[in-house]
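S.K.: Sequence:
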Amino acid sequence: MWAPSLPPITALTCVLRCFPCEPSWAGIPFVHRPHSPPMVRMTRSKTFQAYLPSCHRTYSCIHCRAHLANHDELISKSFQGSQGRAYLFNSVVNVGCGPAEERVLLTGLHAVADIYCENCKTTLGWKYVSMVMRHTVQVIFIRRAY
37 MWAPSLPPIT ALTCVLRCFP CEPSWAGIPF VHRPHSPPMV RMTRSKTFQA
87 YLPSCHRTYS CIHCRAHLAN HDELISKSFQ GSQGRAYLFN SVVNVGCGPA
137 EERVLLTGLH AVADIYCENC KTTLGWKYVS MVMRHTVQVI FIRRAY
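Each residue of the sequence shown is one higher than the one before, counting from 37 in our numbering.
Read the hints as simulated data drawn from the structure, not as lab findings. One or more hints might be untrue.
[Said to hold, decoys possible] Derived Cβ-Cβ restraints for the label pairs, each shown as a range: (1) Ala-86 <-> Pro-135: 31 to 39 Å; (2) Leu-145 <-> Tyr-87: 35 to 43 Å; (3) Leu-145 <-> Gln-85: 21 to 29 Å; (4) Glu-137 <-> Lys-157: 17 to 25 Å; (5) Leu-142 <-> Pro-89: 21 to 29 Å; (6) Ser-114 <-> Cys-91: 34 to 42 Å; (7) Arg-139 <-> His-99: 20 to 28 Å; (8) Pro-89 <-> Thr-143: 19 to 27 Å; (9) Leu-142 <-> Ile-98: 18 to 26 Å; (10) Gln-116 <-> Tyr-87: 16 to 24 Å.
Just so you know, even glycine gets a beta-carbon here, dropped at the ideal spot from N, CA and C.
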């Protein structure tokens with residue numbers, strides 16, 4: 037009697053067995069083989085990171101070293117926030133934005149959102165969401181880490 041040959045057990049066939057839809061050879065019973073190779077180990081995927089071109093100075097996250105901004109994007113180092121000194125940047129990369137909320141800052145009530153590192157989720161600073169002061173459009177504040 038002819039018996040169908042079982043496909044080799046590979047990481048791909050193990051993964052295919054995990055999905056609700058069966059692979060094309062589903063009519064063949066899945067047989068566990070004692071010395072089959074281990075299934076692919078799933079790891080948490082990394083977020084795509086932008087790497088800035090070489091510059092004489094690059095600002096990065098203090099925890100994971102993800103690039104944040106080139107020195108060319110720095111507007112000011114002399115801003116004093118409620119939690120200490122902050123740097124003002126024109127644009128940044130590898131950051132996410134939290135929900136907008138109204139906060140009382142040193143210059144009054146403003147609608148701001150926290151920004152955080154996309155790689156390690158560390159809160160880095162904030163940005164203005166609505167334009168209360170004309171000069172703060174698209175300006176990002178990153179707290180200085182000592």
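S.K.: Do Ser-114 and Cys-91 keep their Cβ atoms within the hinted range of 34 to 42 Å?
M.R.: violated, 21 Å
S.K.: Could one say that the CB atoms of Ala-86 and Pro-135 fall in the range 31 to 39 Å?
M.R.: Since Ala-86 and Pro-135 have Cβ atoms about 23 Å apart, the given range 31 to 39 Å is violated.
S.K.: Note whether the CB distance of Glu-137 and Lys-157 lies within 17 to 25 Å or breaks it.
M.R.: Holds: the Cβ-Cβ distance is about 18 Å, inside 17 to 25 Å.
S.K.: For the pair Arg-139 and His-99, does the Cβ-Cβ distance stay inside 20 to 28 Å?
M.R.: Between Arg-139 and His-99, where Cβ atoms are some 24 Å apart, the hint holds.
S.K.: Kindly confirm whether 18 to 26 Å is satisfied by the beta carbon distance between Leu-142 and Ile-98.
M.R.: holds, 24 Å
S.K.: Regarding Gln-116 and Tyr-87, is the given constraint of 16 to 24 Å on their beta-carbon distance met?
M.R.: Taking Cβ atoms as reference, Gln-116 and Tyr-87 lie about 31 Å apart, which means the hint is violated.
S.K.: Holds or violated: the 19 to 27 Å window for the beta-carbon distance between Pro-89 and Thr-143?
M.R.: violated, 34 Å
S.K.: Could you check the hint for me, namely that Leu-145 and Gln-85 are 21 to 29 Å apart, CB to CB?
M.R.: violated, 35 Å
S.K.: Could one say that the CB atoms of Leu-142 and Pro-89 fall in the range 21 to 29 Å?
M.R.: With a Cβ separation near 35 Å, Leu-142 and Pro-89 fall outside 21 to 29 Å, so the hint is violated.
S.K.: Could you tell me whether the CB distance from Leu-145 to Tyr-87 stays inside 35 to 43 Å?
M.R.: holds, 38 Å
Checked against the numbered hints above, the structure violates hints 1, 3, 5, 6, 8, 10; every other hint is satisfied.
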